[in-house]
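A.B. asks: All chains, full assembly: derive it from the sequences and hints.
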Amino acid sequence: MIGNFIGVLFDGVAYGSLLFLMAIGLSVTMGLMNFVNLAHGAFAMVGGYACVTIMARAGVPFLAALPIAFVLAAIVGLLLERTLYQRLYKATHLDQVLFSIGLTFMAIAVATWLYGPQQQPVLIPAFLKGQVRVLGLDLGVYRLFLIATVVAITVILTLLLEHTRFGAQIRASVDNAQASAGLGINVNRVFALTFALGSGLAGLGGALGIDVLGLDPTFPIKYMVYFLLVVAVGGAGTIRGPLIAALILGVFDVAGKYYVPQVGAFVIYALMVVLLLIFPAGLYGRKT
Amino acid sequence: MTVALRTQGLSKHFGAFKANDKISLAFPVGARHALIGPNGAGKTTFINLLTGVYAPTSGDVFLGEERVTALPQHVRVKRGMTRTFQINTLFPGLTVLESVMLAICERKGTAARWHRTVAQQQDEIDEAFGILRSLHLERDADSETRSLAYGRQRLVEIALALATKPRILLLDEPAAGIPAAESAELFGVIANLPREVTILFIEHDMSIVFRFAERITVLVGGRFLVEGTPAEIAADPRVKEVYLGEAKHD
Amino acid sequence: MDARRDDHERRRAVPRRELLPLGGKARSAKGAQVSAALAHRLPSDRWRALEIAFWILPIAAYFLFPKYLVLGSQILITGLFAVSLDLILGYAGIVSLGHAAFFGLGAYTAGLLAAHGWGEPLSGLAAGAVVAAIAGFAASFLIVRGRDLTRLMVTLGIGLMLFELANKLPFTGGVDGLSGVTMSKIFGVFAFGLDGRTAYLYSLVVLFVLFVVLRRLVSSPFGLSLRGIRDGGKRMPAIGAPVTRRLIAVFTLSAGIAGVAGALLAQTTQFVGLDVLGFPRSAELMIMLILGGAGRLYGALIGAAVFMIAQDILSGLNPVYWQFWIGLLLIVVVLYARDGILGGLSRLYARWHWRRS
Chain A
1 MIGNFIGVLF DGVAYGSLLF LMAIGLSVTM GLMNFVNLAH GAFAMVGGYA
51 CVTIMARAGV PFLAALPIAF VLAAIVGLLL ERTLYQRLYK ATHLDQVLFS
101 IGLTFMAIAV ATWLYGPQQQ PVLIPAFLKG QVRVLGLDLG VYRLFLIATV
151 VAITVILTLL LEHTRFGAQI RASVDNAQAS AGLGINVNRV FALTFALGSG
201 LAGLGGALGI DVLGLDPTFP IKYMVYFLLV VAVGGAGTIR GPLIAALILG
251 VFDVAGKYYV PQVGAFVIYA LMVVLLLIFP AGLYGRKT
Chain B
1 MTVALRTQGL SKHFGAFKAN DKISLAFPVG ARHALIGPNG AGKTTFINLL
51 TGVYAPTSGD VFLGEERVTA LPQHVRVKRG MTRTFQINTL FPGLTVLESV
101 MLAICERKGT AARWHRTVAQ QQDEIDEAFG ILRSLHLERD ADSETRSLAY
151 GRQRLVEIAL ALATKPRILL LDEPAAGIPA AESAELFGVI ANLPREVTIL
201 FIEHDMSIVF RFAERITVLV GGRFLVEGTP AEIAADPRVK EVYLGEAKHD
Chain C
1 MDARRDDHER RRAVPRRELL PLGGKARSAK GAQVSAALAH RLPSDRWRAL
51 EIAFWILPIA AYFLFPKYLV LGSQILITGL FAVSLDLILG YAGIVSLGHA
101 AFFGLGAYTA GLLAAHGWGE PLSGLAAGAV VAAIAGFAAS FLIVRGRDLT
151 RLMVTLGIGL MLFELANKLP FTGGVDGLSG VTMSKIFGVF AFGLDGRTAY
201 LYSLVVLFVL FVVLRRLVSS PFGLSLRGIR DGGKRMPAIG APVTRRLIAV
251 FTLSAGIAGV AGALLAQTTQ FVGLDVLGFP RSAELMIMLI LGGAGRLYGA
301 LIGAAVFMIA QDILSGLNPV YWQFWIGLLL IVVVLYARDG ILGGLSRLYA
351 RWHWRRS
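Residue numbers (the working numbering), protein chains in the order written: chain A, 1 to 288; chain B, 1 to 250; chain C, 1 to 357.
No lab work stands behind these hints, which were simulated from the structure alone.
There are no misleading hints in this set.
For the chain B half of the interface with chain C, some residues (derived, Cβ under 8 Å), not all of them:
no.	residue
1	Gln73
2	His74
3	Val77
4	Gly93
5	Ala103
6	Cys105
7	Glu106
8	Thr110
9	Ala112
10	His115
11	Val118
12	Ala119
Derived pair list, reagent style DSSO-like, types lysine-lysine, alpha-carbon separation capped at 27 Å:
no.	chain 1	residue 1	chain 2	residue 2
13	B	Lys108	C	Lys234
14	C	Lys234	B	Lys78
15	B	Lys108	B	Lys78
16	A	Lys129	A	Lys257
17	A	Lys90	C	Lys234
18	A	Lys257	C	Lys168
19	A	Lys222	C	Lys168
Which residues of chain A face chain C? A partial, calculated answer using Cβ under 10 Å:
no.	residue
20	Leu88
21	Ile101
22	Trp113
23	Val233
24	Ala265
25	Phe266
26	Gly282
Note that the Cβ used here is the ideal one computed from N, Cα and C, for glycine as well.
C.D. replies: Structure, rendered in structure tokens:
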């Protein structure tokens with residue numbers, strides 16, 4: 001029983017870390033540009049498909065394909081931000097929602113046309129497969145790898161935000177874009193690079209998650225809810241908030257589907273509504 | 001002398017920053033009271049506290065005898081206290097007439113009516129036109145608010161407040177953005193309001209302050225500095241010090 | 001009228017509002033009896049010629065396109081659904097991604113009633129409306145708290161929750177849907193036949209009746225206050241408006257009407273599929289509304305009609321193309337034609353009108 005519980009917890013944490021990785025970009029984008037981007041999942045999808053394609057076409061090994069997925073997704077994000085997204089920064093949230101839904105539809109259509117509607121298989125290197133005995137429990141190696149990767153990236157991100165000038169610029173711009181511009185910070189550049197970074201992280205998450213979440217053209221819509229959920233419940237504009245939210249939601253989703261499969265995903269949505277009732281601005285949200 | 005509006009130890013802290021610190025003021029019915037002070041003194045914060053936009057960190061607001069600190073904004077308006085905003089806060093997509101009518105309908109309680117059309121609300125239309133005429137806004141009645149020049153929009157800002165028939169009127173820099181000639185006209189309208197209306201206004205233009213205010217309160221750094229008649233304030237050395245560099249007025 | 005011309009030049013791209021239906025402005029008074037109100041561009045519900053012409057279309061369609069009545073009913077029903085969304089989105093400014101929740105509740109209510117023996121159509125409609133309205137009332141308390149993102153998530157979450165419920169609960173038929181919905185005759189006289197004629201007229205009458213009521217509502221002071229909430233959220237409390245109360249009221253009403261639309265669908269197709277609650281339905285509805293032009297009631301109907309007719313014509317195409325072009329269209333509309341079809345027409349009309357004067 002306990003073994004199962006730990007197993008569920010472990011799976012939940014792994015799942016949550018993956019969600020966090022993909023959602024962190026959305027949190028910063030929303031907190032920074034106040035832009036409701038429902039198309040964020042599309043960047044994760046780009047990373048996933050990039051990873052699969054490079055591995056299949058160019059024979060690149062999995063671990064090497066991951067950073068490439070990151071870069072490609074970041075580039076796509078940067079391009080879209082400079083051409084389209086930035087025109088809607090001052091628009092209403094409704095317009096942003098509509099725009100990003102349109103973008104999502106287009107992304108799904110293109111993915112279907114290029115790759116077909118089926119699930120994409122991914123060849124994970126042998127040393128990441130199987131299970132390993134840790135403290136008397138059998139834990140999946142890949143999931144351990146996931147958690148370790150996300151922890152590493154979170155540490156790097158935190159270091160970036162807290163100890164570099166660019167990080168300080170991001171934090172300043174999130175706090176008060178107008179004042180930051182007044183201080184000479186090139187807010188447009190901060191926006192563009194941050195968006196690219198967030199998209200890249202999403203792409204990395206998408207590539208990492210193929211084995212756990214699957215990859216097909218409907219990925220953006222399927223998981224859009226989860227990203228938004230993590231950001232809304234955690235609070236946009238922070239790293240800590242979505243992290244906690246992602247872990248909570250990851251654990252509850254896995255636990256819910258395991259212990260009460262009859263209601264399945266209902267648990268997570270109900271939990272979200274309850275949490276949002278108590279914390280309308282998110283767990284760590286900024287109350288304006 | 002009956003007190004129309006009173007605060008007691010009203011404070012608003014944003015973290016360590018004390019925007020308003022233990023302000024206790026009382027305004028009698030019919031006051032013509034100016035609130036002045038350097039930028040960042042907390043004047044707008046004070047109005048936000050009075051109207052309920054901010055919840056105070058401590059202290060209370062009283063309308064007459066009633067403690068209204070816990071009441072939401074719209075209830076305080078129903079109790080007779082209305083404010084205008086320093087930056088135009090209007091209904092961009094509504095016409096001027098529609099905006100004023102909306103305010104009138106809210107006041108009269110007809111805004112909850114769904115079975116008669118706006119065009120049928122003849123009483124409200126007449127009243128709206130009365131207000132528009134007093135501010136010389138009639139010819140803009142059918143223009144969308146966003147299409148008006150800033151100065152004209154400022155008049156709409158006042159019109160909305162007048163439409164609520166306030167007993168207490170809080171004006172946050174009403175003449176900001178209007179050329180001097182028009183601002184005199186605007187204050188003329190305000191001066192013509194019934195004597196029982198209590199008026200508190202924030203202003204930076206000292207000539208207006210000294211012309212229309214019967215009493216002046218000075219706020220500095222979120223705190224109350226001094227209150228008195230215009231003559232007293234003009235002569236007060238502390239006030240002069242605070243406004244170092246400002247031209248003197250009489 | 002020099003003032004008007006100055007205003008017009010100043011306004012450039014900002015449309016001269018409501019020279020088309022619903023916003024009611026009369027340019028030429030037909031004599032002294034026309035009240036001063038109408039000469040002042042105040043919302044009224046005088047029937048305009050264009051509106052009357054508009055309503056002749058579905059009646060004409062009944063006679064001209066007898067083979068397409070099933071599609072016609074779908075368009076009318078979706079139109080009603082879109083109108084309900086316009087109430088909260090176009091008029092009150094609430095962004096909701098889960099409106100299908102109320103549509104689905106209405107559909108399942110009416111469907112379950114009929115599947116379990118109660119096939120009377122009008123009471124089924126009423127039941128669907130009541131259930132959806134109650135749910136809307138409950139949900140509205142969540143909606144009025146928090147900011148846009150929270151609201152979005154809550155509406156989305158509610159939709160998804162209901163979807164999962166319908167998926168898993170035993171009596172809803174789950175993925176296969178609810179069948180066995182048998183309807184009795186309307187007023188004991190009109191039977192639902194395979195030709196879809198009764199269904200079409202039934203839907204048309206329900207749509208028209210509700211539309212007339214809503215038409216009056218949006219031209220009322222209540223409707224004006226909704227637009228005030230959408231346009232000037234900060235100013236509304238400052239003029240004494242109980243914003244929360246209004247939002248709860250309009251949200252409940254909107255949910256009820258969506259419920260009626262859902263019930264209509266269940267009754268006319270005699271089936272309830274799981275997709276009535278799905279997110280794609282909510283998303284498509286928003287697209288229709290924006291396409292037609294939000295905040296004008298008629299825009300909802302036009303958007304629904306255009307979308308569904310296009311979808312039907314293009315249904316032979318690979319669905320991938322449909323999704324791609326809809327996505328692109330949506331982006332283009334948001335960037336360049338924000339007021340939708342009706343907004344664009346309104347602007348053209350205004351420009352033509354201005355040139356004439």
